[in-house]
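> Take the sequences, apply the hints, and build the full model.
Residue numbers (numbering that gives the first Met the number 0), protein chains in the order written: chain G, 0 to 354; chain C, 0 to 288.
A hint or two may mislead.
Pairs of lysine to any residue residues, derived as SDA-like cross-links and limited to a Cα-Cα distance of at most 20 Å, are as follows [said to hold, decoys possible]:
(1) C:Lys132 x G:Asn233
(2) C:Lys137 x G:Ala329
(3) C:Lys135 x G:Arg235
(4) C:Lys132 x G:Arg235
(5) G:Lys274 x G:Ala329
What the hints contain is simulated information worked out from the structure, not anything from laboratory work.
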Amino acid sequence: MTPRKTRWFGVREPLPARHRVWLTALAFILPLALWCAISYIPFLWHPLVLVHDPGDTSVKGSHDYLSQGQLVEREVFEQRNEFLRAAGAKLATGARANPIYLSAPHEVAQAFYTAFTTPPERRGDYWLHESLWHSCQIIFWGFFYAALFGLPLGVLCGTFSLCSRLFEPFVDFVRYMPAPVFGALAVAVFGLADEPKITIIFIGTFFQMVLVVANTTRQVDPALLHAAQTLGANNRQLLRHVVIPGAVPHLYRDMRILIGWAWTYLVVAELIGEKSGISAFIYQQQRYRHFDNVYASIIMIGFIGLFCDQMLAWVGRYLFPWESGNTGLAQLAARVRSWFGPPRAALEDAPEGST
Amino acid sequence: MTLNDQLDLPDYKHHTEAVQARIDELSAREVVLDTQDLGRRFDSQKGPVDALVGINIEVRKREFVSVIGPSGCGKSTLIRIVAGLDLPSTGQVRIDGSPVEGPGADRGMVFQGYTLFPWLTVKKNVMFGMKMKGLKSKTAEASALHWLDLVGLAKFADHFPSQLSGGMKQRVAIARSLANEPRILLMDEPFGALDAQTRASMQHHLLKIWESVDVTILFITHDLDEAIYLSDRIIVLGAHPGRVLEVIDVPVARPRSQEQSLTGHFLATKRRLETLIHGTGGSAATHAA
Numbered sequence: 000m001t002p003r004k005t006r007w008f009g010v011r012e013p014l015p016a017r018h019r020v021w022l023t024a025l026a027f028i029l030p031l032a033l034w035c036a037i038s039y040i041p042f043l044w045h046p047l048v049l050v051h052d053p054g055d056t057s058v059k060g061s062h063d064y065l066s067q068g069q070l071v072e073r074e075v076f077e078q079r080n081e082f083l084r085a086a087g088a089k090l091a092t093g094a095r096a097n098p099i100y101l102s103a104p105h106e107v108a109q110a111f112y113t114a115f116t117t118p119p120e121r122r123g124d125y126w127l128h129e130s131l132w133h134s135c136q137i138i139f140w141g142f143f144y145a146a147l148f149g150l151p152l153g154v155l156c157g158t159f160s161l162c163s164r165l166f167e168p169f170v171d172f173v174r175y176m177p178a179p180v181f182g183a184l185a186v187a188v189f190g191l192a193d194e195p196k197i198t199i200i201f202i203g204t205f206f207q208m209v210l211v212v213a214n215t216t217r218q219v220d221p222a223l224l225h226a227a228q229t230l231g232a233n234n235r236q237l238l239r240h241v242v243i244p245g246a247v248p249h250l251y252r253d254m255r256i257l258i259g260w261a262w263t264y265l266v267v268a269e270l271i272g273e274k275s276g277i278s279a280f281i282y283q284q285q286r287y288r289h290f291d292n293v294y295a296s297i298i299m300i301g302f303i304g305l306f307c308d309q310m311l312a313w314v315g316r317y318l319f320p321w322e323s324g325n326t327g328l329a330q331l332a333a334r335v336r337s338w339f340g341p342p343r344a345a346l347e348d349a350p351e352g353s354t
Numbered sequence: 000m001t002l003n004d005q006l007d008l009p010d011y012k013h014h015t016e017a018v019q020a021r022i023d024e025l026s027a028r029e030v031v032l033d034t035q036d037l038g039r040r041f042d043s044q045k046g047p048v049d050a051l052v053g054i055n056i057e058v059r060k061r062e063f064v065s066v067i068g069p070s071g072c073g074k075s076t077l078i079r080i081v082a083g084l085d086l087p088s089t090g091q092v093r094i095d096g097s098p099v100e101g102p103g104a105d106r107g108m109v110f111q112g113y114t115l116f117p118w119l120t121v122k123k124n125v126m127f128g129m130k131m132k133g134l135k136s137k138t139a140e141a142s143a144l145h146w147l148d149l150v151g152l153a154k155f156a157d158h159f160p161s162q163l164s165g166g167m168k169q170r171v172a173i174a175r176s177l178a179n180e181p182r183i184l185l186m187d188e189p190f191g192a193l194d195a196q197t198r199a200s201m202q203h204h205l206l207k208i209w210e211s212v213d214v215t216i217l218f219i220t221h222d223l224d225e226a227i228y229l230s231d232r233i234i235v236l237g238a239h240p241g242r243v244l245e246v247i248d249v250p251v252a253r254p255r256s257q258e259q260s261l262t263g264h265f266l267a268t269k270r271r272l273e274t275l276i277h278g279t280g281g282s283a284a285t286h287a288a
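Next comes the structure, spelled out in structure tokens:
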């Protein structure tokens with residue numbers, strides 16, 4: 000049997016597994032290749048000229064300010080050389096170059112290492128790893144408080160119409176106010192340290208979270224609620240044994256998306272009050288025109304985000320075995336239980352939290 | 000002229016001695032469920048619509064009663080009201096003589112859609128009602144395994160519902176309801192989503208369970224054969240407004256088997272049901288209404 004010819008543009012048709020891996024790789028390789036092409040192939044873009052030798056600087060007139068190591072527009076460089084040629088003087092030499100803000104891939108790759116090993120330029124500034132760690136803490140606490148209040152409130156709004164009517168309109172109203180506008184207020188109330196930053200992350204995620212969680216909670220199949228009612232569940236039991244377990248896997252997915260939002264607000268949060276964290280590092284490197292470090296830091300944020308999300312996805316597969324079919328955690332729980340006390344019926348190994 | 004008209008069928012109201020004896024015995028039993036002048040009115044954009052009017056039904060202990068009718072006759076509304084998931088506009092539902100308010104464990108229900116809790120294993124699904132009542136885990140677990148054994152799914156106690164077929168899910172749902180020891184088991188087209196073969200085996204299975212367990216069943220269906228095969232009595236509803244057209248004592252002897260669907264009493268009952276529901280099935284004039 001010959002495999003069916005791959006239809007590359009089949010509407011909503013899955014691609015064969017053997018193509019998926021290299022396509023995913025290509026998703027990253029293509030932008031990287033484009034970056035390399037622009038950086039290393041001189042005639043593609045390179046709008047500037049890096050002056051190696053300014054030529055005869057004693058000839059005054061037309062662009063006589065050229066000096067060694069300067070980046071000038073190509074047109075300027077050519078006009079200067081024409082002028083020098085007409086004067087019969089020594090010509091300027093140089094090589095085509097990209098603007099300083101476009102670092103080449105190898106420079107950024109190097110910066111990944113050197114950014115960590117280069118001491119801060121000024122005393123009191125932070126090392127990169129300190130900045131990153133600080134950012135992670137801000138994100139964690141901002142998101143922690145948002146979830147601490149947002150999850151219960153959202154679940155209540157999604158469960159009881161009373162809560163929904165009472166809270167959601169106002170939450171929806173505040174949601175439209177961009178979190179950064181509260182920056183000045185947060186500094187006035189909480190001072191210059193980390194509290195106002197955590198507050199911005201909180202404001203940025205909390206209000207969205209309440210609405211998202213409420214909606215997800217409302218998605219729980221009403222037939223399950225009816226079934227539970229005919230099995231004698233009272234109001235409190237419905238919430239605890241049907242609404243919450245029914246919504247939890249979806250809420251977990253929502254949280255993964257909302258953490259991404261928290262990262263979006265991080266940059267604003269870190270630039271208010273006393274600049275801090277990875278944003279301060281990027282801001283500072285940009286001022287020193289270390290664009291390779293800037294790129295390295297931005298890519299690092301991407302990696303941290305991707306890593307966290309994949310970790311959470313991986314943990315999720317163990318947490319919700321009825322969706323993933325992964326009963327690893329349940330088996331572990333059964334084993335742990337067997338260490339304490341006599342073994343119960345071998346069937347008592349459903350996942351934790353499902354009783 | 001249809002084939003049915005050419006057949007020489009007995010009157011559906013004619014009962015053999017054995018059947019008549021069962022009917023007499025049943026009618027002497029205590030009433031588990033009854034409704035009194037039950038009505039349900041919905042407000043639509045075109046004004047109020049009467050889904051049910053003047054419904055008076057009785058279901059006696061360990062009786063198997065079906066409710067059948069064309070779509071829109073309000074049979075699902077009726078069972079939802081009995082379950083307490085919907086409120087009547089007039090009248091009331093009584094269990095053992097006391098009116099019901101809202102859903103409760105005394106009226107177990109099996110739904111047409113699959114309503115097992117996907118996050119619980121099969122066993123924990125069956126334990127659900129008992130846990131809500133505050134039973135100890137061990138007691139509930141032993142009981143759950145017993146009920147799972149009864150529906151033939153003890154082997155699947157630790158599976159998640161997503162790992163079961165449709166028929167198996169419904170068997171677990173039946174076990175889950177029965178484990179609660181309800182006064183009456185309400186079944187709302189429980190086999191409606193199953194394929195014909197699974198359906199037939201589920202019907203057989205349900206009768207076996209009903210025979211071995213002390214349970215009264217009120218069964219909603221739109222399948223005539225299913226209603227006749229399973230029931231002692233069939234309540235026929237008409238639409239617009241939903242009302243009781245006739246209550247038929249099924250003249251087919253027990254124990255039932257699928258082969259009985261070719262007997263005269265079965266066919267006569269089916270023809271009567273067709274007449275009532277579709278207005279077809281031969282001349283109604285041959286039967287006294």
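> Run every hint past the structure and note whether it holds.
For each hint, the structure was consulted:
no.	hint	result
1	C:Lys132 x G:Asn233	10 Å, holds
2	C:Lys137 x G:Ala329	19 Å, holds
3	C:Lys135 x G:Arg235	19 Å, holds
4	C:Lys132 x G:Arg235	13 Å, holds
5	G:Lys274 x G:Ala329	46 Å, violated
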